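Undergrad: Sequence:
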Amino acid sequence: MTKYFPIALAVMYRLFIDRLLRASHVSPITTAILIITLVAVSGLLLGSIRVRGIGLGPAGVLFAGILFGHFGASIDHNIADFTKEFGLILFVFTIGIQLGPGIIDLWKKQGLMLNGMAAAIVLQGTAIVIGFLFLLDLPAFTAAGLFSGATTNTPSLGAAEQAASMFESGDGAIESLTSAYAVAYPGGIIGIIASMLLMRRLFGVDVAKEVEDLSRQDTNGHEPIERRCVVVDNAHLSAVPFGQIPGLEETGVRISRIKRAGDNVVHAANEKTELHEGDIVQVVGTQSGLDRFTPMIGTLHNMDLMETDGDAEFRRVYVTESRVLQKSLRALSLDQVLDVTITRINRAGVEMTARGSSRFHYGDIAHIVGKKEDLDRATEFLGNSIKSMRETRFSPLFVGIAIGVIVGMIPITIPGLPFPVRLGFAGGPLIAAVAFSLVGSIGKFVWYIPYSANLALRELGIILFLACAGLGAGKSFFELAVSTEGVKWMAVGLVVTMVPLLTTGIAARMLWQQNFLTICGVIAGSMTDPPALAFANSQADSEASSTAYAAVYPLTMILRIVAAQAIVMLFA
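At position 15 of the sequence shown (counting the first as 1) the number is 15 in this note's numbering, and the numbers step up by one without a gap.
Keep in mind that the hints were calculated from the coordinates and are not lab data.
Only a predicted model underlies this, so the values are computations on that prediction, with no experimental measurement involved.
Please note: incorrect hints may appear among the correct ones.
[To be verified] Straight-line Cα separation of at most 16 Å, EDC-like style, residue types lysine to aspartate or glutamate; simulated pairs:
1. Lys371 <-> Asp339
2. Lys372 <-> Asp339
3. Lys371 <-> Asp309
4. Lys444 <-> Glu321
5. Lys372 <-> Glu313
6. Lys372 <-> Asp311
7. Lys488 <-> Asp137
8. Lys371 <-> Asp311
9. Lys371 <-> Glu271
10. Lys372 <-> Glu321
11. Lys272 <-> Glu249
12. Lys209 <-> Asp541
13. Lys444 <-> Glu391
14. Lys272 <-> Asp339
15. Lys475 <-> Asp76
16. Lys371 <-> Glu321
17. Lys387 <-> Glu321
Turn these sequences into a full structure, and let the hints steer you where they fit.
TA: The structure is reproduced here in structure tokens:
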């Protein structure tokens, strides 16, 4: 029943709701709200249908919008444009805020590889379009429109229209561009999703195993943190404070507890704690750091000081106090001021050693050890406000979006092009969000969105974008799709979409052993396509696809804008 609901709802709209709206003379805003709501409901139901465990997810809203548009549903042009663009901004900005630090780590590890894959996809698509331009004797304007539509890149369409306006054909050229774009766009989304599914089937991908492999590889580049006990037998360290051990900072090891020689009580320890021969200390760090540190002071001991009586207690504290943000642990000197030690920091699910150079971000979880009264003071100092962690701070959110829009408007001059390129509403907010997520906070402005709120805003944004995009394409989609010219354009568009994706994706999997979810993120990012990213994310509970998408997005956007203008300028 579910799979027929979108069709039934679209038909019901044509037969009853549309007539009711016309008879009631309701405002365009009321009409827009009703239609977008109906499209969203039917599209989400369509996306929830799974065949052999695979479904469209939020991308189903696009196809529901096309269906409604075919049956006559339409909303005011200005309302549609605002809703679509604002939805896109919400979607990309929340992605950037969530994934900023991960993108930097990914750039350090695989930036050249992933952006090389994305560039290869763009260049192949450009070459194929130019090939069809000569093979089928396509007008340059039509070819540019097919390139933009097949790669679902609206900014490249705008760039091509700018270039086309220089020619005498003027409005006719722009109409040809837009028509080709509209026909190829839905097929482009279908082709992107189909490419992911074909690769999944071709390689027999087990998505759950891919997520497990990503977890094992630790894509954020942080080794797991562990603790061990060491007995001090280095006589040269007698009466030396722990924090003054030569080479300690390079190992990233922290001390949490100590049992003095001849004493059965465990005490909290920090960088001020002096060591003596025969002391047993509990230290925390990565395996490699601990392996380097242990021989410096003594030998391993099989005792676990956490299970021994004493005055040392452990607590996890949320960092929510603005005065401690972006300050290094060395500058905060919590061991000197509050007599506690921070053993590790948990940030977005990733545990890191608490080095002296480490800086707190809003929402970090600090693991601290000390006496109860000292822990109480440290907890108050760091904030630990659960209420703040659950609140969405809208002032920084809208400041970030405003700056992102401004960034998207900035013209970027590229030698050889007659017009400057712009990142637009998708690229500008994404770049701004990544930057703000890395900065973390400026004074009272903190760029942090609770995970559940981030997902909700992200989902709302993509639903609004897809609903309006589908309604706009649905008006002429089926009419053009069944015409001879339309079928030819759709076929060309599918080739332009799928061939570069499949060749690059297969090479990435077979030659470079890339994770399937990362490949899906590169595929979606190389097409700058939010619906494809939404589909990729729906396959697994992992941020790998979103991180790869954001990592290749800026370069891809610029390349596609340049390529679309080049097709017009060189072949018109």
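Undergrad: Below or equal to 16 Å on CA atoms is what counts here, so check Lys475 against Asp76.
TA: Measuring from Cα to Cα gives roughly 13 Å; hence the hint holds.
Undergrad: Measure nothing beyond the straight line between the CA atoms of Lys272 and Asp339; if it is 16 Å or shorter, mark the hint as holding.
TA: Given pair Lys272, Asp339 holds - Cα atoms ~9 Å apart, limit 16 Å.
Undergrad: Mind checking the alpha carbons of Lys371 and Asp339 for me, to see if they're no more than 16 Å apart?
TA: It holds: about 8 Å lies between the C-alpha atoms, which stays within 16 Å.
Undergrad: Would you check the hint for Lys488 and Asp137, treating anything up to 16 Å between C-alpha atoms as holding?
TA: With Cα atoms ~12 Å apart, Lys488 and Asp137 stay inside 16 Å; holds.
Undergrad: Given the hint that Lys209 pairs with Asp541, does the C-alpha gap stay at or below 16 Å?
TA: The hint holds at about 12 Å.
Undergrad: Under the criterion that the straight-line Cα-Cα distance not exceed 16 Å, is the pair Lys371, Asp309 satisfied?
TA: Holds - the C-alpha atoms of Asp309 and Lys371 are around 13 Å apart, at most 16 Å.
Undergrad: Regarding the pair Lys371 and Glu321, is the alpha-carbon distance no greater than 16 Å?
TA: 21 Å, violated
Undergrad: Tell me if the straight-line CA distance from Lys372 to Asp339 falls inside 16 Å.
TA: 11 Å, holds
Undergrad: If you draw a straight line from the CA of Lys372 to the CA of Asp311, is it 16 Å or shorter?
TA: 8 Å, holds
Undergrad: Given the hinted pair Lys372 and Glu313, is their Cα-Cα distance within 16 Å?
TA: Satisfied, since the Cα-Cα distance of roughly 6 Å is no more than 16 Å.
Undergrad: So if I understand the rule, the pair passes when the alpha-carbon distance is 16 Å or less; does Lys372 with Glu321 pass?
TA: Cα-Cα ~20 Å, so violated.
Undergrad: Are the Cα positions of Lys371 and Glu271 separated by 16 Å at most?
TA: 15 Å, holds
Going down the numbered hints, you'll see the structure goes against 10 and 16, while the others check out.
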